[in-house]
Structure formats: C-alpha cells, structure tokens
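Asks: Sequence:
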Amino acid sequence: MASNRGTLSTKIPSPELAQILNQAAALMRVYHIPVMTPEILLLAMLKTPDSAAQQLLRNFSQERGFDWSDFERDVERAVSDQRWLRGANADLKDARFDFVTSANERVPLSEKLLVVLDEGLTLANQQGLAQCSSTQALAVIAGLGTRSDLALRKRGITAKAVQDVLNLSALPLDATGPAKNRPAATIYMRQDLLLKLVSRLTMAGKRHVILVGPTGVGKRSLVLALRQLIAEGKGPAGLRGVVPISEQALLTSPVEAVQQAVRQAQGGVLFVPDIARFFGGLRADFREDVCNELQKAFFSDNVTVIGTATPERYNERLSKATVVVEQSQVLHVPPATIDETIEILKVQRPALEADYNLTIAEASLVEAARLGGRYYTVRPLPSAAVHLLHQACAMLRMNPRMSAEAPVKSDNQLDPDDVMIATSMLTGIPVTNLGADERDRYVNMFDHLRKRIIGQSEAILALSRAVKMARVGLKDPKRPIGSFLFLGPTGVGKTELAKALAEFLFGTEDALLTFDMSEFMDESSVNRLIGSPPGYVDSQAGGQLTEAVKKRPYSVILFDEVEKASLKVFDVFLQVMDEGRLTSGQGETVSFSECVIIMTSNAGGRFLADPQLSEAAAREMAEQAVKEHFRPEFLNRLDEIIYFHSLSQEDMRQILDLLLRKEEKLMAGRNLHLEMTEGAKNWLLKQNDHPEWGARPLRRLIQKHIREPMADFLLKEDPPAGTIIKMQVKGKNLEFKTTHPS
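Just so you know, the sequence shown maps onto residues 1 to 742 in this note's numbering.
Note that these hints are calculated values from the structure, not bench results.
One or more of the hints may lead you astray.
Claimed, not checked - Here are the computed distance ranges between Cβ atoms for each label pair:
| hint | residue 1 | residue 2 | range |
| --- | --- | --- | --- |
| 1 | E735 | D571 | 26 to 32 Å |
| 2 | L715 | E623 | 51 to 57 Å |
| 3 | L659 | S524 | 17 to 23 Å |
What the hints assert, rightly or not - DMTMM-like, lysine to aspartate or glutamate: derived pairs with alpha carbons at most 25 Å apart:
| hint | residue 1 | residue 2 |
| --- | --- | --- |
| 4 | K475 | D610 |
| 5 | K550 | D610 |
| 6 | K346 | E326 |
| 7 | K478 | D689 |
| 8 | K564 | E650 |
| 9 | K551 | E316 |
| 10 | K154 | D476 |
| 11 | K730 | E675 |
| 12 | K662 | E640 |
| 13 | K320 | E362 |
| 14 | K568 | E640 |
| 15 | K475 | E316 |
| 16 | K686 | E496 |
| 17 | K160 | E353 |
| 18 | K730 | E692 |
| 19 | K737 | E640 |
| 20 | K550 | E312 |
| 21 | K726 | E650 |
| 22 | K704 | E640 |
| 23 | K550 | E628 |
| 24 | K475 | E503 |
| 25 | K681 | E640 |
| 26 | K478 | E519 |
| 27 | K478 | E503 |
| 28 | K551 | D516 |
| 29 | K47 | D98 |
| 30 | K160 | E343 |
| 31 | K196 | E340 |
| 32 | K551 | D67 |
| 33 | K206 | E326 |
| 34 | K686 | E675 |
| 35 | K451 | E519 |
| 36 | K550 | E519 |
| 37 | K550 | D560 |
| 38 | K112 | E63 |
| 39 | K550 | D339 |
The beta carbon of each residue, even a glycine, is placed where N, CA and C say it ideally should be.
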C-alpha cells in the first residue's frame, strides 16, 4: 500500500548521515521496530564504522574513561526495551515523513527523529554547512530526554559537551566580529609555549608551524589559546583569526573541505590537526588531489598553516616532506608540569561539573594531577589527569556510594578518594598504596623492602638511605633519583630488590624496565637503546630505552649483567647518570629525572660468595675487581655501590616460606587450602643441589615437587571446595593427604 506520508528531503542529511539512516533502517528489521526513532539512530551511529559521530563518541570514551561495550549495551537495551517498543508502535500513526533508503524502501520517521534532523540542520547552518551530519544529529539527541539520552548523560555526554566539540570546528576567523562579544574560552594559556608560538608566527620566511608532541600534551589547546589571544587583539600582527579544517566535511567531500578551509583562512591561520595524514605519498590517508590542495596552502602568501603531529608521525612522514621542511618550523610541545596541570583542571572544572551534574572539590584536582603524573603514565599530563577526573566523575555519577571509605560524604561531590579509586581501577595499583602518606612511607621504607628481601639488610639500608636523600631534595633535580650498582653472586636478591623498589616507589612491579646487557655487546646495539637516526633502517621504531621511558617516565630501570655491555652503551649510561636525559635517534630529549637506575653485575661476586673469606676481605677484593673492570668515570657517577652477600640456610628457609605463600594463594583461588609440614619444607631444602646459585633453584624445586604433582592430583581427585591438602614426607618422597569438609 502506498504511504500517505511525505518524503524527507535528500538535501537535509549529509551523505554520511544518509548512510547511517540506511543502517538504522536495517536495524529496525532486526529489532522489529516499525518506526525510526532517535534511539535506533544512535545505535546505528555506533554500528557504522568511521562515522563522524562514532569517532566523536569514541574520543569521549577514551577521554572520559567509560567502557565502550557497556555504552553500546545500554543503547541496545534502550532500543529493545518492550515498554518502550509499545511507545514506538503508538508513534507510528503520528509519523508524517518517510526516509527512502538506498534500496528504495520507505521507512517512517518518528516525530522526535524529525526534531533531531530539523534542529541538527539548524546547527549545521550555524557552522556554515549546508546539510546535517551525524555529529549535529548527535548533539540534538544528547539533549532530547529520551532513553538514549540517558545512556549519554550517564557518561557526561550532554548536548553542551557535544556542541562544545563541534564549535571547535567552526571557530570564527574575524576577531573584530562576534568573537569579541563571546565569553572567553575555557582555555588555560601556557604562557611560555604561547610566547614561543607567537614569536615563530611573526618571523619572516618560515611562518608555518608544526606543533610536535605526544597525544594529550595540549597541542590543540595551544592553538585555541592563540585564537583567544587574537580575539582579544593581542595576537601576532596581520593574523585575524583561526580556522580549523572541518573533520566532518573531510569525511564526505575532502577536496572541497580543504579548499573551503583555505578560503576561510585568508588573512589568518589554517589549523590542521594530525597534519601528517596529508603527507607520505601513497601512504597518505587521503587521495593525492586532497593532499595537493593542502600543500598549496604552504606556498600561499595570505595563509599561515599550523599543524599538529606526534613525534612518531612527524619522523615517519613530515620530516621527509620537502614542502614541510622548507616552509615551516617545528615547535615541540612537552607535557604540562603538575602545577600547570592543576591550573588547567581548575579551568576545566566548571564544564566537568556541568557535564556530570556534581561538584568537584579543589583537592580532587590536585590529587588527579599528582596521581596522573605519577601512576597513569600511559598518557602525558595534562591528558592523564583529565582522564582520571572524567573516570572518577563517571563512576560517581553511576554509583554515588562508590567510596566505601567515606560513607558520610556528599553523594554529589567528587573528593580525592574518588579520584584515588578511579586511578586504582585504571592502573591496577591498590588504593592503599596510592593513598599512603608519602612521608610515612619513606620513613618506613627499610621495613617495607625487608618484608620481600631476605638476608640483605645492609643492601636494603644503603638503597633506602640513598633514595630517601633524593626524595627530600638532596640531589641534583636534573639527575635520576639514584644510580646504583648491585654487586653479588647469583640468586641472592639483586633483581628481586629492584622489583620491590619499583613496587614501593611507583605502586607496581610493571614500573620496572629490564634490559639484559648480554644483548647489547656490540657497538651497533646502542641504536637499539636510543633509536637509529632518520634515514636508517628501523629509524621509525625508536629506541627500546628511550621509548620505554617516554611512555613511563616514573620507572626503575634495571640493566642486568651490565659488565657485558659495549663501551658505546656505557657512554649512554654516563649521559643518563650525569645529565638525567638522553637524545633519541629521532632528536627527542627524554628525561630520566624521575627514574632509578640499577645495574647488576657478578664482577667480584665470587669473592662475596667465598665462605673462606672474612666479610672485610671479601668486600676489599670485590672492590678491587670492580675497579679493574669498570672505568673511573662510570664508577664516579654512581650514587652507591651496593653489595649483596651469600644467603645462609636460615635465609633460604625464610625465602622458601615466602614462595610457598604464593602457592597457598594459588590454591586458595580454587577454594582449597594448602598446608606444608615442617618436614616437607626441610625435605624441599635438601633437594637443592646447587646452594651456590642462591635462592634461584627454589622456584624450580617448587615447580617440580609441588605444582606438577599437584596438577595431576587435582585432575584425578577433583577435591571439593574447602578441602585441606597437606603435604608431608613419606619415606623419601612428598605425599598429599586430604581432609574433606564435613
């Protein structure tokens, strides 16, 4: 039967939104929904790869720390809810317009969806666009008050939040126009960087600028600060505004998008995020004609280009592009300091409070900056701190009582303990470690480390003393926290102490970066540590050491068996220990000022392990061996040489107890109880045929005599939960004896 409804004009949705409407029509059949609604359109946005709305929502997910799969399930529930479906059926008789799909099928549109398209078109027109794209439609959906709106609002995605993002893609060019009457943007100006940017823009010759820095350091914010400066009449002479290239238009009509942006930017700045997309020849993200249009702007006398790029993308593509190298300057944008991050968060606080409908205590901003910089190092500051705040706000919004440690707190206020819990969930670091008072922790550092490291009190004391001096500021702030050489025989706890120190300082053993120096014995291997210069093989890969410290600047770095490294590698160590920084093969400066450098060596270890020598004689002979093996300039840069001694039988017994506790925890995870008799422990110790290897054989003995037979026993017997499994000696072997729960 022919429909008596009107047909939606093809001029309203952009081609990209029309594709999503087609996807929504297909989903209607899956969910047996007779009319297209905002809920089904939102689900289609999530299901359409590379749509502008999906990209925007994924950015929100990454920035605010909510789980994408949970979000998608919430929207699917909104679509499939049966009570809501009855409302959709009732809405069918009120549908006034159809959408004609690419298969020429007529699909009725609900009244609320018409509102979405109509208001979305108005938003698009305000931004100088002729058609409504998926992002404008999303902005309207976020303010409708429907069930899909609930899934968005729960994650702080309001109409204002979406429109704020869209407005960044429609910045006014003329600073004498409406922008002057507009309230100042909520942007914190990093004055030193802004001054460097302005000075480059006022120089004759190379006036184009590429902002290079990791994702999240604030490259876009720097451009927005410039835009604000221009609007206030304080910007570089001759520049009357900032125009970003439209990401929405790039999806549908990339050539026209670039041409329109260049026209609008005449007399001002053309802002191109991730400008490396347009370079690289056949590897570029856009067609050759699109890339050529942008490259023309570099030769224009009336347009200044500011692009952004990560160091990796710059080295991979832009450093090889002649037009970029010859026509532009590079401005490196480093991560914000903790103090700068706190100020940035203060500026962003009103928007966060509005998005999540809560208040944020100022102490929470300080805590987010501290924890973000120290523990959430997968992102640089300020991005790490902003991400933690979003995560904490979203968690508090979904569960106001999530802070069990503060049950009397206001449900509508974000406190530092909420930020701490969010950090713990993101990093896996226990909340108690994050919240422990720094002063008390360092006072008790020796006792903390001694719980894990048996028989090496002197080494622990020496390490604790040096680290504590550095932490209270009694060191050069540019140098690493400490540089130590651990000397001693194998299996006595050198690596274990490094792990324990990483856990103590930074909350997790994952903060330990380990390098086996037997892999760096030839001179060319230094490039593997710091990266090859541009133009060499694997130069894009970066150095193993410099890349690791860039990603985790708060680390303990362990160079194992350091005496095996080549002399050129030792030159790298000298620079790190003396200056606290390294220049990578790509020319980036990587700071080691928040790292602890630990090097282990067996040089002189045989003297420390010799039971025939007195402690003083063993130390003297080990020191002589070290001086013979290592250069004076290397030894002089160490904060301390820390000696490890052979383990006594009592030490071995205590280490065995520590290892067995781990086995007990594994069994407890299966709801079983493991008990070891004293005879069984003594029997295990007697199986150690290599006492000269220290505690290292104990793990192998546990694997052979406990784990392997235990696996066979569990598979064969399948004991019920609560069973006590006692290991005891019978004859010359260990046996299992079980006591089942009553």
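Asks: Could you run down the list of hints and mark each one as holding or not?
Replies: Tested hints:
1. E735 - D571: 26 to 32 Å: At roughly 58 Å between Cβ atoms, D571 and E735 fall outside 26 to 32 Å, so the hint is violated.
2. L715 - E623: 51 to 57 Å: holds (54 Å)
3. L659 - S524: 17 to 23 Å: Taking Cβ atoms as reference, L659 and S524 lie about 40 Å apart, which means the hint is violated.
4. K475 - D610: violated (36 Å)
5. K550 - D610: Distance ~42 Å between K550 and D610 Cα, so the pair is violated.
6. K346 - E326: Not OK: K346 and E326 at ~40 Å, beyond 25 Å, violated.
7. K478 - D689: Violated, at about 47 Å.
8. K564 - E650: Distance ~33 Å between K564 and E650 Cα, so the pair is violated.
9. K551 - E316: Given that 25 Å is the threshold and the Cα spacing comes to 19 Å, the pair holds.
10. K154 - D476: Distance of about 47 Å is beyond 25 Å: violated.
11. K730 - E675: holds (15 Å)
12. K662 - E640: Since the Cα atoms of K662 and E640 sit roughly 32 Å apart, the hinted pair is violated (cutoff 25 Å).
13. K320 - E362: violated (46 Å)
14. K568 - E640: holds (22 Å)
15. K475 - E316: Judged against 25 Å, a Cα distance of about 38 Å means the pair is violated.
16. K686 - E496: The given pair, whose Cα atoms are some 23 Å apart, holds under the 25 Å limit.
17. K160 - E353: holds (12 Å)
18. K730 - E692: The given pair, whose Cα atoms are some 28 Å apart, is violated under the 25 Å limit.
19. K737 - E640: violated (50 Å)
20. K550 - E312: holds (12 Å)
21. K726 - E650: holds (23 Å)
22. K704 - E640: violated (39 Å)
23. K550 - E628: violated (34 Å)
24. K475 - E503: Satisfied, since the Cα-Cα distance of roughly 22 Å is no more than 25 Å.
25. K681 - E640: violated (37 Å)
26. K478 - E519: At roughly 29 Å apart (the allowed maximum being 25 Å), E519 and K478 break the hint.
27. K478 - E503: holds (23 Å)
28. K551 - D516: It holds: about 20 Å lies between the C-alpha atoms, which stays within 25 Å.
29. K47 - D98: holds (22 Å)
30. K160 - E343: Holds. K160 to E343 sits at ~23 Å (cutoff 25 Å).
31. K196 - E340: Answer holds: K196 to E340 is near 17 Å, not above 25 Å.
32. K551 - D67: Satisfied, since the Cα-Cα distance of roughly 23 Å is no more than 25 Å.
33. K206 - E326: Between K206 and E326 the Cα gap is close to 8 Å, so the pair holds against 25 Å.
34. K686 - E675: Judged against 25 Å, a Cα distance of about 19 Å means the pair holds.
35. K451 - E519: Given pair K451, E519 is violated - Cα atoms ~32 Å apart, limit 25 Å.
36. K550 - E519: holds (22 Å)
37. K550 - D560: holds (21 Å)
38. K112 - E63: It is violated: about 29 Å lies between the C-alpha atoms, which goes past 25 Å.
39. K550 - D339: Judged against 25 Å, a Cα distance of about 20 Å means the pair holds.
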